[in-house]
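Peer 1: Listed below are the residues making up each chain.
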Amino acid sequence: MDLSVDFMGIKLKNPVIIAAGPWTRNGEMIKKAIQAGAGAVVTETILSELRPTNIRPRLTSNSSGGVQNIRLYSEIELDEWEDEIAIAKSSGGVVIANVLGHTPSEMAYIASRLEKFGADAIELGIASPHGGGIEVLASDSQKIYEITQKVSDSVKIPVMVKMSQGVTNIAKLARSVEKGGASAISAINTIRSILGVDINTGKPFLPTYGGYSGAPIRPIGLAAVATIAQATRLPVCGIGGIETFENVLEYIMLGASAVQIGTAVMLNGYEYINTILTDLSSWMEKNNIQSIDSIKGKALHSLKSFEEIEIEPLESNVYKKCLRESCKDCVSSCLYSAIHKNLQEVYVDPEKCTGCGLCISRCPDRNFRLILKV
Amino acid sequence: MNIRTVAKKAGVSVATISRVLNHPDSVSDATKEHVLCVMKELSYTPNWFARGLNLNKTGVIALVVPDILNPVYTQIAKGVEDVARQRNYNILLCNTEDDEYKERDYIEMFISRRIDGLILSSSFLKGEDLNGIKSQGIPLVLIGRNKEIQGENIVYTDFKAGAYEATKHLLELGYASIAVIIGPKLHPENEEKLEGVELAFAEAGRSFDKKYIVECNNTIEGGMLGARKLLSFDQKPQAIFTFSDILAFGAMETIKADNLRIPEDVALVGFDNIRMSSIVEPKLTTVSQPVHKMGLIAARLLFDIMDNKDGEDMIPQQIYLESKLKIRKSCGHMDRLSEIFD
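Line by line, the protein sequences are chains A and B.
Going left to right, the first sequence walks through residues 1 to 374 as this note's numbering numbers them.
Going left to right, the second sequence walks through residues 1001 to 1342 as this note's numbering numbers them.
Just so you know, these hints were derived from the structure itself, not from any lab.
All residues carry an ideal CB built from backbone N, CA and C; glycine is no exception.
Treat each hint with caution, since some may be false.
Unchecked claim - Below, a sample of chain B positions facing chain A; criterion: calculated Cβ distance under 7 Å: (1) Lys1293; (2) Leu1296; (3) Ile1297; (4) Ile1319; (5) Tyr1320; (6) Leu1321; (7) Glu1322; (8) Phe1341; (9) Asp1342.
Just chain A, with the same shape it has in the complex (with noise of 0.2 Å):
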């Protein structure tokens, strides 16, 4: 059983990357994230220029475990990365510069600076939903290409391009990318978002619009990895809301060869990267699979167009005993009027039944399964 990935040309010891964000912001902390066993750590975005990044208050969450950002960029002047690009790999492991500028030869420079400073690759971080335009600079498929062409001819270390899925067509977008040379994707940046408001003073809960990650943004996460992962043949790396090794797995069998993870090690602390690596040896050998690469993709066979899904008469059936008398989750989300309780008797009335699948996933205790209608 074995962990290690080669994700463009690197060979990481495991496919868990620590994405760019405060949580990396300086040398002492990506060296943290190594030792804490990630598979490598991208810096926080770096520009040529620093800009006002600390406003106060900048971070909000809610109760679905999503998380809105309104910290712009590193803090650490360009040069002064090369410090912390020495203490960030003084126990070794693999660093990642996310750079930022807003033309090829901006971008180019930055990239090649930071090469010059000992990162292992550049991740081009063009695709942030705040401090740029309203469009945000990886949706313009000739930009795109231009920049990555000219930052790949310019530097010898891989260039990964980190893409937004706040894009009308990401796969297009995608192939601009591959067209330009880049050794990787990574996707999907943040998603532009306003948490909430204060209805008492009749604010938002941030002054301004911001990023959006956590668990809630998961799922288009892994519909941009498909996209990308069938649009081109680059390696891609998947991001958004991994909070667990399922979700690991989630990625890679969409396509991912490697992941990244931001929110959940800023809740719950640099450790929990091996809380999630623990898992995920324990499963793959549970499961006797021998390396990440041999079910890379494996998900994306089961993707199909509509006219290729077979329509089945399938019917819910209630196979486990409802054991909560005054739930009615079942009966009151069904579409159909299908579904009948009486205190811990639930009945489906294969009549009205159409086998949409919700209630399976609605009941807590997953009492229902689709069945063939016989």
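Using the hints provided, position chain B relative to the given structure of chain A.
Peer 2: Okay, now just chain B, sitting in the frame of chain A:
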């Protein structure tokens, strides 16, 4: 007091004192501490000029700007200084007042003083002059594009594109008459900006009335005079685009003095996005030039050349930085979202 006195008192050789001053890493901590202690006791300070001769460097780089009173250049200077300070370098700041002869005089002075590197912003000099400087062994970086110069290390922004965006914005807002207040016309940057204005008019299928071009000195007073002239026309322009923020501040004064409102009576757009443009009332819509960043990157490029001791071949870098329309209040738009994002 000289280095020999210190050496004698410290009981070490002159060479050791020299190493403590110039290459402290090559001396043991104990010796270093002892020597520094003796220096303090004797109140000895090294002769920096002589030190420069010994090390074959002076620890000084020069920055040449056309107008030290224009905040654009103070921001460039700040960028250069931010990097130079980290490297323990001092800056010789020279102001040419847009005078080519003054610029040449300064350059002769740099050569005789053996400065370690040179940054020229908005320079008048051409290829052969620049080669002359480099042949004296002085590393060189330029700020601001000069179309006639190829193959140099340069940091620039696109003045034409910036002016085009600003003009397009005013045209889209529907102003029937748009005037421009430009700086001295012979300056290549202003020519580029004028090309941008003309391009936006042409693309919109509109003709640009040349009577609405007013040329003046690039100062607040220049802006006042320029606006005075435009407001004296029978057909006053509905919008004015000035080729710098300081020109806009001048124009603002004149417009207000005439009891006209900005933007209701006359809309105004500047160029540069200097700090004050977000403070004045109404806040000035302007073209943001990454001037501080230009200073930072130019200085970093310069130190890269200076650090390249083994004379490794370096490909000259042309780094283009984006200018961007910064929408605020003075242009009369009603688009709050653009203010937040763009």
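Peer 1: Starting from the hint list further up, note which numbers the structure goes against and sort them upward.
Peer 2: Hints that this structure does not satisfy do not exist here, as all of them hold.
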